[in-house]
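Undergrad: Here is how the chains run, residue by residue.
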Amino acid sequence: MRRGKEKDLRRVMSRRGFILAGATVSMTGFLAARLYYLQVAQTSRYRRLSDRNQFDVRVVPPVRGRLFDRKMRLVAGNAESFELRITPLYADNLQETLKLLATIVDLPELRQAYVLDMAKTLPSFREIMVRDDLSQRELARLAVRSALLPGVSFGKSLRRIYPQGALTCHITGYVSPVTQREIEKDETLEIMPTLGTGKTGVELVFERNLRGFPGREKIEVNATGRPIKVLSDVPSAAGNDLRLSIDIGVQLHAAERLRRGRWDTVELGSHEVQAALAQDAELQAHLAVGDNMILRDGNDRLVPAESGAAVVMDIHSGEVISLVSAPMFDPNLFTGRLLNRDWRRLNEHPRRPLLNRVTSGLYAPGSTFKMVVGLAALEAGVISENTEFFCKGERELGTSVFHCWRKGGHGVMNIVSALEQSCDVYFYEIALKTGIQKIRDMALRLGLGAATGVNLPDEKSGIIPNHEWKLATKGSVWTPGETVVASIGQGYVLTTPMQLAVMTARIANGSKAVAPSLLSKSADASSDFAPLNISESALAIIRRGMFKVLHGAAGTANKYKLSKDYGGMAGKTGTVQVRRISLAQREKGIVKNIDRPWAERDHALFVAYAPIKNPRYAISVVVEHGGSGSSTAAPVARDILAKTIAERGVT
Amino acid sequence: MSLWRTLFRIPWHIIVLSLLLVAIGAMALYSASEGSWQPWAGRHAMRGAFGVGVVLVMAFVDFKILHRLSYFMLIAAIAVLVALLVIGSGPNVARWISIGGVSFQPSEPAKIAIILALARYFDSQPQDRMQSLIVYLPAIGMIAIPFLLVMKQPDLGTALMLLLGGLSVLFAAGLPWRYVGGAVIAALVAMPVLWSQLHAYQKSRVMTFLNPESDVLGAGYQIIQSKIALGSGGLFGKGFLMGSQSQLDYLPEKQTDFVFTMIGEEFGLVGNLFILALYLALSLSILRVSFLVRSRFSQLTCMGLSMMLFFYVFVNVAMVSGMLPVVGAPLPLISYGGTSMLTVFIGLGIVTSILIHDRQED
Chain A
5 MRRGKEKDLR RVMSRRGFIL AGATVSMTGF LAARLYYLQV AQTSRYRRLS DRNQFDVRVV
65 PPVRGRLFDR KMRLVAGNAE SFELRITPLY ADNLQETLKL LATIVDLPEL RQAYVLDMAK
125 TLPSFREIMV RDDLSQRELA RLAVRSALLP GVSFGKSLRR IYPQGALTCH ITGYVSPVTQ
185 REIEKDETLE IMPTLGTGKT GVELVFERNL RGFPGREKIE VNATGRPIKV LSDVPSAAGN
245 DLRLSIDIGV QLHAAERLRR GRWDTVELGS HEVQAALAQD AELQAHLAVG DNMILRDGND
305 RLVPAESGAA VVMDIHSGEV ISLVSAPMFD PNLFTGRLLN RDWRRLNEHP RRPLLNRVTS
365 GLYAPGSTFK MVVGLAALEA GVISENTEFF CKGERELGTS VFHCWRKGGH GVMNIVSALE
425 QSCDVYFYEI ALKTGIQKIR DMALRLGLGA ATGVNLPDEK SGIIPNHEWK LATKGSVWTP
485 GETVVASIGQ GYVLTTPMQL AVMTARIANG SKAVAPSLLS KSADASSDFA PLNISESALA
545 IIRRGMFKVL HGAAGTANKY KLSKDYGGMA GKTGTVQVRR ISLAQREKGI VKNIDRPWAE
605 RDHALFVAYA PIKNPRYAIS VVVEHGGSGS STAAPVARDI LAKTIAERGV T
Chain B
22 MSLWRTLFRI PWHIIVLSLL LVAIGAMALY SASEGSWQPW AGRHAMRGAF GVGVVLVMAF
82 VDFKILHRLS YFMLIAAIAV LVALLVIGSG PNVARWISIG GVSFQPSEPA KIAIILALAR
142 YFDSQPQDRM QSLIVYLPAI GMIAIPFLLV MKQPDLGTAL MLLLGGLSVL FAAGLPWRYV
202 GGAVIAALVA MPVLWSQLHA YQKSRVMTFL NPESDVLGAG YQIIQSKIAL GSGGLFGKGF
262 LMGSQSQLDY LPEKQTDFVF TMIGEEFGLV GNLFILALYL ALSLSILRVS FLVRSRFSQL
322 TCMGLSMMLF FYVFVNVAMV SGMLPVVGAP LPLISYGGTS MLTVFIGLGI VTSILIHDRQ
382 ED
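So the sequences go chain by chain: A and B.
Residues in the first sequence are numbered consecutively from 5, following the working numbering.
Residues in the second sequence are numbered consecutively from 22, following the working numbering.
If we strip away everything but chain A, and leave its shape as in the complex, we get (with noise of 0.2 Å):
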């Protein structure tokens, strides 16, 4: 019994024994196949992982190239700033270390919050950007504390500068951190979170040559992130750089003197200036984006500095020698983190320093437009040099009475005295006689009513009306009475100041139908542009006319003559009114330009040449609401072809 027993415990123990050494192998067989199923199955996936933690591949951000005026002087550049990082891992508390920062350097909330969230998202390794924009002072302030402060470091990198500021906002543009929607398209910006895009002018035009490419630096990096070698590197090929047409010292001259058209500046400092800032809202608003030139007007206010275009160009060559567009602002802003404050004052500012006037203001020419009527009828035959009309200060037209600016009218008119007196009489007999279809060939023959081409985004192509345009905008047939007003330049017509100066460039050149460009260009450049095709004794005739305005004994802008040390010029006024002026208003005598709200007053426009023999340059100026052609917008343009001339001859 007992044998049995000791017998059966036996069996019952080598059973369990076979069960154990079972268990082992089936335990053995599942292990076998875990690890078949991470090393085999999944073997790629892994393999990835392991490589991403093994490897860190730096995008190398390419140099931007830079932009130079004509004489290579710093437009747009690259400056080193310093960055602030914080590693996480090495920090002892990120929070307590974020806070201690922000009583140091200026360190938002939401930037620390935006740390903290970066910090649960990457390994802890990784180096996070805390500012990309220390100052010197702040990076003094933080080195003498830096044994405080585990985990922080320092880095440079570059950031665009435009050394010139304000002066050429509307030329450079500015470059400003990537947009999400320019990620889409691009995707290549995703891996270059530093590099900033150029978001307009010429900034955003040259894209492609200025951004140059990345490089890439293939690093191996311990669980810590230290670099144990670099793998392989491809070096980043810095942007090509660009020499501008402009003269900064013609654009500088030309910045001042437009922004104080016909009035004279007045010392911020002084006791009056600060009483009426105090209480002046415009003036608060310009000062705010950075403009500090005040006027004194003619009925002794204080008023912001003009607003309004003028663009100089070399009729030849078609390069822009300067191009102004006030307000300004100053595109700096825009490089780093764009202030909230700084935003809102540009978008809000009542006259809109972020719009490009040259290209984008769209304007009534007024009498400038009159050089193209007077072309076309010339062309047309419709008159000859000498045909004349009679200005009895109106012209009838069925029920319609269509006045002259001078209300007695300027009596007997050919086409020479009348663009010296800028007879509207005179213009509207011709234009009706010519028709408005011829009008307009002749005005898209001068570069008008398409955009120029110039290098700039959003270039506007202004209105050039005819028939068809009217019919298939409006709904209606084109009127005679609308080609009257279409005659002097207003009504539906519309035109960029840089349209008006690339006209007169044509003008004047009488041979190529010169085209506007912002890159400088050698001097054999200036054949490459089509033929004009327009007869040089009507172009002739025209200049002679334009002449007289300066030169003739009832010029309208012979006051403004440029000195014959320059050359003299040749050029037309253009008055443009904003408002309709009743009759009732006609009758009581038209109130002074300066006695109406400014938004009431004329713009003061001016296209010119010079020299007169053998011309070179061309300018068109806008003074918005600036009064008359005449009295404001001239002296402008004479004052800014003499600076031109005088910085860049003539030849």
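Among the hints, a few may not be true.
Residues on chain B that point at chain A, a partial pick, calculated with CB under 8 Å [to be verified]:
id : residue
1  : G69
2  : L185
3  : S189
4  : Y271
5  : M324
6  : M328
7  : F331
Calculated lysine to aspartate or glutamate pairs in the EDC-like style (CA-CA distance at most 20 Å, straight line) [what the hints assert, rightly or not]:
id : chain 1 : residue 1 : chain 2 : residue 2
8  : A       : K233      : B       : D149
9  : A       : K233      : B       : D270
10 : A       : K222      : B       : D144
11 : A       : K222      : A       : D60
Hints in this document: simulated from the structure, not taken from any laboratory.
Backbone N, C-alpha and C define an ideal beta-carbon position, used for all residues, glycine too.
Got chain A; can you put chain B on it based on the hints?
TA: Then chain B, alone, in the frame of chain A:
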């Protein structure tokens, strides 16, 4: 018994298997220190040689001494564990004891003491009572007391090993199936109680194991990096000294608990399966000894030691491959650590002694 007879009876295949594992360990530790015998690989190899010496010496010791000393050893082990809890060597972790400049973990000899004591206990029980639960209750106490003491240290990994080793002796002794089933149910019921007894870091380890991606940079880091290292090793591995995860310090504890991962990264599935095969062979070799010996004490001791060794391997590999929470269980003979290696060799020495002095045909 003559010297030659003894030497002839020594299970040399067991010694060769263990030396192979020690050699693999030395190689892995050489790689873990970026190609240097310092600080781990050289000492590991020397300890291995010493361990084999211990086995050879124990071959001449009659196993009956172990039988006689087994209860005393268990009591001594428990006493040291209690003392350790009272004095403690670290602020929170009381695992080490230092005698004459040599530090060791008393929980290691406790493992062997439990198995020996249980084997003696069941050896002394009359055969006809083996079906009754009463017989097993003192045995459960013998497991529970050191288990709870080690849990308290806290050393979840070692405590688990004590438990599994002890329970496998109970099972081998013939614990009726109904109690096996009951124990499983009891364990499930005890789980929440046990859970509440765990330290915060142990709980977080378990939680992390259940969802490692929830805490990529904290406690889940080890598991994730270990899986990446294993998985990226592929079939044949990245080559000796070429494991980027290990060499670039992404892999934590690569010289101790995660050494298997490191081998897997550098030698791939092939290397890992080779090691598993060695362990299986070693465990089964020890288990086989239990079929060759006479006394129940000898049988149960061999079964218990075999299972304890295997459980170490299983828990470690399951842990590093992300199938069990990180509990802190070294890989026997390969992981760096003097006490654990010596314990394994003492276990092998006991098996050798039993085989030589308690063979059935004598």
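Undergrad: Evaluate each hint against the coordinates.
TA: Quick rundown of the hints versus the structure:
1. G69: violated (23 Å)
2. L185: Result: violated, 11 Å to nearest chain A Cβ.
3. S189: With Cβ-Cβ at 7 Å, under 8 Å, it holds.
4. Y271: This interface hint holds because 4 Å falls under the 8 Å limit.
5. M324: holds (6 Å)
6. M328: holds (6 Å)
7. F331: Constraint on B/F331 satisfied, holds at 5 Å.
8. A/K233 - B/D149: Violated - the C-alpha atoms of B/D149 and A/K233 are around 72 Å apart, more than 20 Å.
9. A/K233 - B/D270: holds (15 Å)
10. A/K222 - B/D144: violated (67 Å)
11. A/K222 - A/D60: Distance ~6 Å between A/K222 and A/D60 Cα, so the pair holds.
Hints 1, 2, 8, 10 from the list above are not met by this structure, while the remaining hints are.
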